[in-house]
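2 protein chains.
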Amino acid sequence: MSKPPPRLQARSPRGFQDLSGHAVRARTKMIATIREVYDRYGFEPLETPALEYVDALGKFLPEQDRPDEGIFALKDTDEQWIALRYDLTAPLSRFVAQMGQDLVLPYRRYQVGSVWRNEKPGPGRFREFTQFDIDTIGTASPAADAENCAVLAEALEALGLKRGEFIVKINTRRLLDGVMERIGLQPGSADPQSLCVLRAIDKFDRVGIEGVRLLLTSGRKDESGDFTKGAGLSAQAADIVLDFMQAGQASRGETLSALARAVANAPSGRAGLDELEAIDRILANLGIDEGRAIFDPGIVRGLAYYTGAVLEAAITIEITDDEGRRRQIGSVAGGGRYDGLISRFTGTDIPATGVSIGVDRLMTALSLAGRIGASQAEGPVVVTVFDKSRMADYQRIAAELRAAGIRAEVFLGEGGLKAQLRYADRRGAPVAVIAGGDEFAAGTVSLKDLIAGRALSAEVAGNEQWREKSRAQVTVPRGELVAQVKAILQPPA
Amino acid sequence: MSKPPPRLQARSPRGFQDLSGHAVRARTKMIATIREVYDRYGFEPLETPALEYVDALGKFLPEQDRPDEGIFALKDTDEQWIALRYDLTAPLSRFVAQMGQDLVLPYRRYQVGSVWRNEKPGPGRFREFTQFDIDTIGTASPAADAENCAVLAEALEALGLKRGEFIVKINTRRLLDGVMERIGLQPGSADPQSLCVLRAIDKFDRVGIEGVRLLLTSGRKDESGDFTKGAGLSAQAADIVLDFMQAGQASRGETLSALARAVANAPSGRAGLDELEAIDRILANLGIDEGRAIFDPGIVRGLAYYTGAVLEAAITIEITDDEGRRRQIGSVAGGGRYDGLISRFTGTDIPATGVSIGVDRLMTALSLAGRIGASQAEGPVVVTVFDKSRMADYQRIAAELRAAGIRAEVFLGEGGLKAQLRYADRRGAPVAVIAGGDEFAAGTVSLKDLIAGRALSAEVAGNEQWREKSRAQVTVPRGELVAQVKAILQPPA
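Line by line, the protein sequences give chains A and B. What the first sequence shows, in the numbering used here, is residues 32 to 524, in sequence order. What the second sequence shows, in the numbering used here, is residues 32 to 524, in sequence order.
Everything labelled a hint here was simulated from the structure, so no lab data went into it. Please read these numbers as outputs of a predicted model, since none were measured by experiment. Hints are supplied without guarantee of correctness; some may be wrong.
As the list makes no split between identical chains, a pair holds if one copy fits it or if it spans any two.
[Stated by the list, open to error] Straight-line alpha carbon distances no greater than 30 angstroms define the calculated DSBU-like cross-link-like pairs of lysine-lysine that follow: (1) K419 to K200; (2) K517 to K60; (3) K449 to K200; (4) K419 to K449; (5) K151 to K193; (6) K260 to K419; (7) K252 to K517; (8) K419 to K60; (9) K193 to K419; (10) K106 to K252; (11) K260 to K517; (12) K252 to K419; (13) K517 to K106; (14) K260 to K60; (15) K200 to K60; (16) K193 to K106; (17) K106 to K260; (18) K419 to K517; (19) K517 to K234; (20) K260 to K193; (21) K260 to K200; (22) K260 to K449; (23) K449 to K151; (24) K449 to K60; (25) K234 to K260.
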């Protein structure tokens, strides 16, 4: 044979991560909880392929050798460019257009899955992440937008967040259009100066109100010395925008009154007010009060394709960040109405509105908020192996525990009891089962309570430790195995 | 503005599919059921990225412009080839090697996820499909192989398959090595003639025993006239292989006796017998009898990297295929021991064994077997809208139903009652709620029982139809909404 191949390096591409054990379990549970809420609201599941034609994704790439402008693209066998989806909205639009008359409208669907962005990775910035979207296709009713808020609030509560720990903030692009009209800009977000104004408003969280003022007018230099060009508004026009942005009140009704003053007589402003008034009424009837959903004129959402209501959900729990500052955890979901997106395929507008949860971000938020703890003993019961020739007996012990619904495994590695107990400990096992010649002869098994053991070894030091630790081990008749393990797992109150 | 862009075609790349509604629900449920069994056996979840470095995937591609030899590959921003994973075993090997000492061995892990193959698509052959794998890393014990069989059998039963409807077939490459030794071939599957023999055995299901004989000797021409070269064995050597292949009996003990004769004194044959004997003992103690797991020397599994036990799970329920022939549904899972795969990274062998369920194939099998029916009314209760100005009231009705755990949605489209009831019907709604001016004035709601309605309209024809159908509608006090809907959903026995 030829010489051995060079040793391979075991690593994954930059910006990609492995998730294992507790992190996967917590995420699976979180997704199931959200799905349960979405199901109850009548949404239907959809799964689309990871790969789509690049043109269907709505990326209009230059004719170049490698179109890696933010997406992972490659040429299919028939020389057409295909790419990994970068969100779940573009594939949904393709699906809706492809189904045509076969799709029953209005169509409420949810989809959870990975999306991929070919961007520069960084700390906490991954190139593969998970989104969980709901969208309602085929209705222009503000009721659908209100539902998005309600279902999102309910999902967050189902995950254990309490009132006051999160807030859904709602705005509408139509009101922003009204503001644009008042300051003499073309309403509609395609025009560059309007986009620049929207981007300035969107940066409020990072740059504060005076930062936004600079971005609206002459431009802003940040701490690192980087200069961002301004939108070139006059001081007076900027004031109109800033007043609008800050029109939000704790009460939705008061915000509506303030907004009515801010957008004055602009026709699209009036349409925006009507929209928010309808949303307010429906939210009230769905029992979503101001503790859970408010109107916030400072919400813009970056995407150019939004045409009406926009919303964002933020976790308001405060944490101390790396620089020692107290700050809110922040945005975990966002979305809005995009009535024009599907027309790229169909030629006619199909009204649509949706919201996307950033699953990884929400996981991080719940974890920072202490809602996803490292469960101390979620490992299986470990059946240790004293005598390999009795492997079948050990397997039978594990099988009995499993038949009673208890997670259990037999130790299949090498090493004596000490190594096996260390394994059990690292596995997060609640109990180790020990059975050697003595136990088999006497018809018993020994059970080591590793939960109590861990608690004791944390508390007790010195000479007492051994005696205390040994208390955490009992020898019981073989026939009582399951009952005794259950007693350790769920001690009587 | 410039002229509008040309209308896009809404389609997904060839070989990819969308899954929606019931199909997604059924699959999600199936995956949860399997996961529950794997959890109970002490397996831990893992999720690896969709993209890996091509060299880590174990594809040794020629230096060419586009390495599309069966995988979807592209160049990363740093000019390294990355690709979508084509199975879950290669990423696991990379993960294990990368974790090194931080991984507690033995490591039992499960992973469910998409894999991608850049192959020619065909009917039922997709380029993206889902695998659900378990693997145990770091133990050479046959107990791990026995566990694979047991956990697989238990998972299939948890999905509703009964004894006799599936079978796990076990063999070991070591026995095949013993046969190779007897016929004068180099044991170990890397040698081309041995691989040719393995491939011949593997084709038994498709070509029958005489077909295998031809493939072992002079070669075989199929119905279409295509000729497959033979392995060039003598008639006598072929007989030895054919006897071995057919040594399987209903009883595992009898198979072991027959195999002892077939592999005679070949040393690797003896090692294979020891392995199967150990597996037999552990299966017996795990309560897995011959109704669920047998030894079948005809099982090879194609992959060259297997080094010991191999296994396959087949659904034995018979169906009538497209040509009108009765046949068993066939293989839905397979795997085996691959002690050498991780050494590509580590330089030393790490024993490993696993089994992979083809999730899409298993779904198809369960569906063909009638175990996944189209549930007649799994849609939500649809609250119809008579008067749009009362939208908030309709939303409140839906909210009340949801608060009671009932799936419910408000109709948000256009159209009168008839269109809305047609929508509810197409949605698979069990009940439509109807409330117009009369109902609001009287403090009532009307409930249309669409389950009964569908049953009646299937049975009753002609004049009676209207009268019967109207029976399926009741008007009840508004306060009894939830109770009455529940009564329709779960009629008293």
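The hints, checked one at a time:
1. K419 to K200: between (62 angstroms within a copy, 25 angstroms between copies)
2. K517 to K60: both (24 angstroms within a copy, 28 angstroms between copies)
3. K449 to K200: Neither, since 56 angstroms and 37 angstroms both go past 30 angstroms.
4. K419 to K449: Within. Shortest intra-copy distance 16 angstroms satisfies the 30 angstroms Cα cut-off; inter-copy 72 angstroms does not.
5. K151 to K193: neither (36 angstroms within a copy, 52 angstroms between copies)
6. K260 to K419: The answer is neither: 73 angstroms in one copy and 47 angstroms across copies each exceed 30 angstroms.
7. K252 to K517: Neither: 64 angstroms inside a chain and 62 angstroms across chains, both beyond 30 angstroms.
8. K419 to K60: Neither: 37 angstroms inside a chain and 38 angstroms across chains, both beyond 30 angstroms.
9. K193 to K419: The answer is neither: 52 angstroms in one copy and 33 angstroms across copies each exceed 30 angstroms.
10. K106 to K252: neither (42 angstroms within a copy, 36 angstroms between copies)
11. K260 to K517: neither (66 angstroms within a copy, 61 angstroms between copies)
12. K252 to K419: Neither. Shortest intra-copy (71 angstroms) and inter-copy (51 angstroms) distances fail the 30 angstroms Cα cut-off.
13. K517 to K106: neither (57 angstroms within a copy, 53 angstroms between copies)
14. K260 to K60: neither (45 angstroms within a copy, 52 angstroms between copies)
15. K200 to K60: within (26 angstroms within a copy, 34 angstroms between copies)
16. K193 to K106: neither (48 angstroms within a copy, 46 angstroms between copies)
17. K106 to K260: neither (38 angstroms within a copy, 35 angstroms between copies)
18. K419 to K517: The answer is within: 26 angstroms in one copy meets 30 angstroms, while 57 angstroms across copies does not.
19. K517 to K234: The answer is neither: 54 angstroms in one copy and 49 angstroms across copies each exceed 30 angstroms.
20. K260 to K193: neither (41 angstroms within a copy, 70 angstroms between copies)
21. K260 to K200: within (28 angstroms within a copy, 69 angstroms between copies)
22. K260 to K449: Neither way: K260 and K449 sit 66 angstroms apart in one copy and 57 angstroms across, limit 30 angstroms.
23. K449 to K151: neither (46 angstroms within a copy, 54 angstroms between copies)
24. K449 to K60: Answer is neither; intra-copy 34 angstroms and inter-copy 40 angstroms both fail.
25. K234 to K260: For K234 and K260, the Cα distance is within 30 angstroms only inside one copy (13 angstroms; across copies 69 angstroms).
Checked against the numbered hints given earlier, the structure breaks hints 3, 5, 6, 7, 8, 9, 10, 11, 12, 13, 14, 16, 17, 19, 20, 22, 23, 24 and satisfies all the rest.
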